[in-house]
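Here numbering that gives the first Met the number 0 is used: the first residue of the sequence shown is 0, the next is one more, and so on.
Worth flagging that the hints you see were computed from the coordinates, not collected in a lab.
Fair warning: this is a prediction, and the values are worked out from it, not measured in the lab.
It is possible that part of the hints are untrue.
Across the chosen pairs, the derived CB separations fall in these ranges [stated by the list, open to error]:
#, residue 1, residue 2, range
1, K141, T89, 14 to 24 Å
2, A50, N84, 12 to 22 Å
3, Q101, Y73, 11 to 21 Å
4, I52, N130, 36 to 46 Å
Backbone N, C-alpha and C define an ideal beta-carbon position, used for all residues, glycine too.
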Amino acid sequence: MKLSKIGAGTAALMAAATLLAPQSSAAMQLGNYDLQTNRYSDASWLWFVAACIPEKSTDCVQIGARPRLQRYAYYGGKAFLGPDNRYTLTVDVPDGLLCPGQRLPTRETYSWDATTLVGTIDSVYNVGCFNGPPGHQFWTFKLQRL
């Protein structure tokens, strides 16, 4: 009889510890996402999020970005989860700076919260429109799981 009371008490303590334990960082779910951004008025991307190979770690996801309009470029790379519970993806985008009559390359850093899926895009270019000076642009985005 005492054994069952001890077992029930232990189970209750374990259940309470589970409920009160701090939450660990949330790993991003694998699958398809819609990238919603204030960057362009006529473009959007579909992100395919897969496990990193060979890492196979929850701290890394492989991103494949497919534009919904053919006139924009594909991009992709590995995003890593930092201690701040934010993923970071840095990619070279061949058409990241849109100018009248031309598209110029940028290096872009996407950073987003692993739980809310809200983030920022930091876009840096070496040459501006019409051979202008180097520059920097900044946008926000949200990922919506499909």
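For this session: Given the hint of 12 to 22 Å, check if A50 and N84 actually sit that far apart at their C-beta atoms.
Result: Given range 12 to 22 Å: holds, Cβ gap about 19 Å.
For this session: For I52 and N130, compare the CB-CB distance with the range 36 to 46 Å and indicate the outcome.
Result: holds (41 Å)
For this session: Look at the Cβ atoms of K141 and T89 and judge whether their distance stays inside 14 to 24 Å.
Result: About 19 Å separates the Cβ atoms of K141 and T89, which means 14 to 24 Å holds.
Exercise. Do the beta carbons of Q101 and Y73 sit within 11 to 21 Å of each other?
Worked result: holds (19 Å)
No hint from the list above goes unmet by this structure.
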